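Engineer: Chains as they are written, first to last, in the numbering used here: chain A, 5 to 148; chain B, 5 to 148; chain C, 5 to 148; chain D, 5 to 148.
Please note that a few of the clues may not be correct.
Straight-line C-alpha distance at most 25 angstroms; calculated DSS-like pairs for lysine-lysine [claimed, not checked]:
#1 Lys113(C) with Lys116(B)
#2 Lys52(D) with Lys52(C)
#3 Lys113(B) with Lys116(C)
Hint data in this document are derived by calculation from the structure and do not stem from the laboratory.
Note that the structure is predicted; figures quoted are calculated from it, not measured.
4 protein chains.
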Amino acid sequence: MTAPRMNREELERFLAAEFPQAFHPGSGLSIEDVGFGTCLVRQAYDDKFIRPGGTISGPTMMMLADFALYVAVLSAIGPVPLAVTINLNINFLRRPDRRDILAAARIMKLGKRLAVMDVHLFSDGSDEPIAHVTSTYSIPPEGR
Amino acid sequence: MTAPRMNREELERFLAAEFPQAFHPGSGLSIEDVGFGTCLVRQAYDDKFIRPGGTISGPTMMMLADFALYVAVLSAIGPVPLAVTINLNINFLRRPDRRDILAAARIMKLGKRLAVMDVHLFSDGSDEPIAHVTSTYSIPPEGR
Amino acid sequence: MTAPRMNREELERFLAAEFPQAFHPGSGLSIEDVGFGTCLVRQAYDDKFIRPGGTISGPTMMMLADFALYVAVLSAIGPVPLAVTINLNINFLRRPDRRDILAAARIMKLGKRLAVMDVHLFSDGSDEPIAHVTSTYSIPPEGR
Amino acid sequence: MTAPRMNREELERFLAAEFPQAFHPGSGLSIEDVGFGTCLVRQAYDDKFIRPGGTISGPTMMMLADFALYVAVLSAIGPVPLAVTINLNINFLRRPDRRDILAAARIMKLGKRLAVMDVHLFSDGSDEPIAHVTSTYSIPPEGR
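Chain A extracted, bound-state conformation:
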């Protein structure tokens, strides 16, 4: 087991300083757990996420996956604000419940220039994924 480069408190402090538009007290985002190249993050439920038919919107899930991916990258390479997403592929699997959403991210490959990851999203309390994401990040040369 490799320890993460940043623990939960360090990640929260870094994100609040660097990403105040996305990660702020009213965002409903929180970090539940973090390892080296892995994390579990949460989006608290909010009525504004709802779409016709009572389902949580796709962009809400994409935003949470994006957050999980960034936390997983930081946990493995440390506080590098310039890591950027190259691409993101999401498959929507099941209708989410009207509840919090959890996202479990892991790095599948950490290279010098690229990190490839996936994320499983769940409605809180359920084991069946509501969405699955794969994504590649570009890591700046000074990032390793």
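Since the structure of chain A is already known, use the hints to place chains B, C and D on it.
Structural biologist: Frame of chain A; chains B, C and D shown alone:
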């Protein structure tokens, strides 16, 4: 040329009624143009979209692409609120400017049960795409 | 545990009858294990797969993933020759060795009309994936 | 208009020397046209590509797309054998006919370290795409 099933005014009315959380006067979203299976939509610039380094966030682009895809589907199958995204793949190509973003969507294949589309995103005033999206929608049986 | 709809022998017989161009004695393809919605399949090494730098070609990996996906679908819905791939997304993670390749597929979501799956590919003898695939299949109405 | 770094004859000579397993007289692959970052390539029809129902197999289309992507990269960066595919996403749109397949590739973004491309595939004689591919290549540092 096939005429769209819903014109711009009909689309705006439908979206305001069915998707008030996403499409409302303060959202900055607008429909510039619509054809059968094609559309051009706009996200007005807002400081809240900015991320470190002065770039517009990935989720902002994904949200706009999601909106463009839905408008393109409606333009081809009419007011069917239950068409759902099966998957979405985004490639980020260039740093967006601090300006409005335009999204041009087209249906590549409209089948009985599925629609496959792509979207090019641009910073307003530029011809070089900042992102490219492909996506598949599932069309409910009553949708055709 | 749900039993697979077709066991290994039934799958091999079905594939040899329906897909003789792809699954024949000289193809090097074999089924190692099968469950309900899961399988492990193998591509025997062949010099013709090699590309410059001594690596196994991308299309070889895509072909094996395609085979694994089809076996996983059959294991869950039975002998339906007309299930078709809607899309396939592959991330190449590591250089494969000059050895057999194994592919482990699982269904993440089995719906009435769609199956969403992923596949991890490995060089024989290694635990680190060389590629990861996600894919969606369309299931014909008579398929369930 | 920028001229391609390698013209058709140079590309064919390079590919025959570097990729003899994939590009050889019996492969049925040919280059129809090439520009800077664009190309049109052909896969001659062969009965071995056929699957149940009389359709051309998915791996045949993926292989041709992979070939088109590589030719497009070479046309823009020159004879760099070590450019590698990071990922490839294919959407299958229509049943191909029992005919040659054409693939039109273009680079959407050529960066220092990455190239992002798409490919439209067609049955010879038709204007409606049978498949659409997006893909990212990693370009080695010495490649520019």
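Engineer: Does each hint hold? Answer for all of them.
Structural biologist: Verification of the hints:
no.	hint	result
1	Lys113(C) with Lys116(B)	holds (21 angstroms)
2	Lys52(D) with Lys52(C)	holds (17 angstroms)
3	Lys113(B) with Lys116(C)	holds (21 angstroms)
When the structure is compared with the earlier hints, no violation turns up for any of them.
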